[in-house]
Amino acid sequence: MSQLSDGLIAVVKRECPTCVLVEPVLAQLAGGAGPFTVYSQDDPAFPARVKGVVDDRSLEASYRIGVQFVPTLVRVEGGKETGRAFGWNRAEWEALSGARGLGPGLPENRVGCGSRTEEPGMQFRLAARFGDHRLRSRQIEVEEEADAIELCYERGWTDGLPVAPPTVERVLAMLAGTRHAPDEVVGIMPPDRVECTVEKVAVNAVMAGCKPEYMPVVLAAIEAALVPEFGLHGVLCTTNAVAPVIMVNGPIAKRIGMNSKGNVFGQGNRANAAIGRALQLVVRNVGGGRPGEIDRACFGTPGKYTFCFAEDEDDGVWEPYSVEKGFGKGVSTVTAFTGDGVAPVIDQSSRTPEELARSYAACLRTLYHPGQVADVAAFLAVSPEHARVFYAAGWTKQRVKDELAKLLRVPVRDLKPGFGLDKELERLRREDPDGTVPKFRTGSLNIIRVGGTGLFSAIISGLGSITINPVTKEIKA
Amino acid sequence: MTQTILLDPTSERSPVVRPRIARPASLAGKTFGLLDIAKNRGDVFLDRIEQRLKKSGHKVKRYRKARFSIVAPEGLKQEIRANCDVVVEALAD
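Here the protein sequences line up with chains Y and C, keeping their order. In case it helps, the numbering used here puts the first sequence at residues 2 to 478. In case it helps, the numbering used here puts the second sequence at residues 29 to 121.
Just chain Y, same shape as in the assembly (with noise of 0.2 Å):
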């Protein structure tokens, strides 16, 4: 559509009662001296007294002019907008054509309609069509009859499973979740080391399933996963079977509706399941990292499809893991950590803590290999029923992290060698055959409180070692 044409436009929809109510006047106008242009959003044969209405069923016309409400009444000149009125006033109408006596009868004033463009999506829709919306990312034609879904798998972009096509008008509602502007730069993504910025984001996040109001925290969790203490790099491409896990924690996580209950760790929560997604797909897209490239997984995990969960903080009574991290409490988080899989703990019998702590240390022991204490981490996820048991002996997080130290203590002669410590071992056998190291080197073992109904615990293993760690973030918009 070109430049506006000078004098008077009005655009009005049949199904608006205020713009059939003020159908008379838009007769009286056309009936004017000077040029008007009436353009309909809905039916081109509405207003039936006018001749010659502009069919704007594809809103093109709306959308350049801007309108927000119908009818609405523009006045151009000079090929630029010097007036604009909404809905019906007389006054303002009047004053704004010229003209005198307009719709004789009509009450003096009455709001309008919605326009068309303000309907759900179509911000977006239109945008993508019609827009300047300075997107980067390489355009990719659909070809008519073809299936975009099956086009994406052939381009290789997905993890094995559909996903939803990233079309501009996808896009553009996905960046709405985010203050960050398109081109911004997240951070220097591994293994390819290229440079992800928050579109690429929101073309993966789109094709994830993610949620607009989902953004701010796939951002964060890129930016933790990204932060080198992490050790992104080394999580991909090892053989080990790990993946990036993301853990939710504050406000944001009951705000956009993530699980930190029942099956938290399983499927069925869209939040849960698209922002662990999201991450892998940025880290396959963006980041180059695909198995049997430099993904060189013996196994791999299903976490690699998505691994993402909140911590369930609702009973108050231990500290979430993100306040012992150092972060206020209401404040949101993201910790992105490996994980290789889900070990349930499976204890109904125990009910006192000690008992409780020697059930999760013989579990806890055997993590990768008994004889393991380098590289090894984990997560023991603590169920609301086996908390109750700590609660009520007052057992604070840190003491039952203190008490299973004491118990996960690994005697030199049963220490396995390799991971890099084989030095360490010469030295431990010579000067301290008797003695025991702990399982877990200081900070590698973490507790959170999550799940549903049962008297069960898990363990979530994971690498950790002087490149690989736990990383958080503050969630912001």
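You can trust all of the hints, since none of them are fake.
Using C-beta positions, here's what the derived DEER-type ranges look like:
| # | chain 1 | residue 1 | chain 2 | residue 2 | range |
| --- | --- | --- | --- | --- | --- |
| 1 | C | P52 | Y | R442 | 41 to 49 Å |
| 2 | Y | R430 | C | R41 | 45 to 53 Å |
| 3 | C | P47 | Y | G161 | 29 to 37 Å |
| 4 | C | V72 | Y | D184 | 48 to 56 Å |
| 5 | Y | K424 | C | P52 | 28 to 36 Å |
| 6 | C | L119 | Y | E155 | 31 to 39 Å |
| 7 | Y | R291 | C | V72 | 26 to 34 Å |
| 8 | C | D75 | Y | P229 | 25 to 33 Å |
Looking from chain C toward chain Y, a few residues come up when the C-beta cut is under 7 Å (computed):
| # | residue |
| --- | --- |
| 9 | Q31 |
| 10 | T32 |
| 11 | L34 |
| 12 | D36 |
| 13 | S97 |
| 14 | I98 |
Taking lysine to aspartate or glutamate and the EDC-like style, the derived pairs with C-alpha atoms no more than 20 Å apart in a straight line are:
| # | chain 1 | residue 1 | chain 2 | residue 2 |
| --- | --- | --- | --- | --- |
| 15 | Y | K402 | Y | E386 |
| 16 | C | K67 | Y | D423 |
| 17 | C | K58 | C | E78 |
| 18 | Y | K424 | C | D75 |
| 19 | Y | K255 | Y | E320 |
| 20 | C | K93 | Y | E230 |
| 21 | Y | K402 | Y | E355 |
| 22 | Y | K212 | C | D36 |
| 23 | C | K58 | C | E117 |
| 24 | C | K87 | C | D113 |
| 25 | Y | K407 | Y | D435 |
| 26 | C | K105 | Y | D193 |
| 27 | C | K93 | Y | D423 |
| 28 | C | K67 | Y | E427 |
| 29 | Y | K326 | Y | E475 |
| 30 | C | K67 | Y | E425 |
| 31 | Y | K424 | C | D71 |
| 32 | C | K89 | C | E78 |
| 33 | Y | K417 | C | D71 |
| 34 | Y | K262 | Y | E320 |
| 35 | Y | K330 | Y | E320 |
| 36 | C | K67 | C | E117 |
| 37 | C | K67 | Y | D296 |
| 38 | Y | K212 | Y | D160 |
| 39 | C | K93 | Y | E425 |
| 40 | C | K87 | C | E117 |
Keep in mind that the hints were calculated from the coordinates and are not lab data. For every residue, glycine included, the Cβ atom is placed at its ideal position computed from N, Cα and C.
Dock chain C against the given chain Y, drawing on the hints supplied.
Same frame as chain Y, now just chain C:
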């Protein structure tokens, strides 16, 4: 109906083909850099390589990354480049 347009989710890098650095015509008199990436037993392999290289009269310099899961720091790469003609990197387990 309007055409469906998808946005490319990838980094859109076009693959760059970089020629390999020219191989020396002869290894005579060359200095070898042996890079241990800190994988277990990589040093065992490199020790043996070092012995054999020295036996045939080569100069050998040893280097080590702090950890196999990180990219070699720029300084280390520059040092190897400045001091060696040939580099052997050991991946072992």
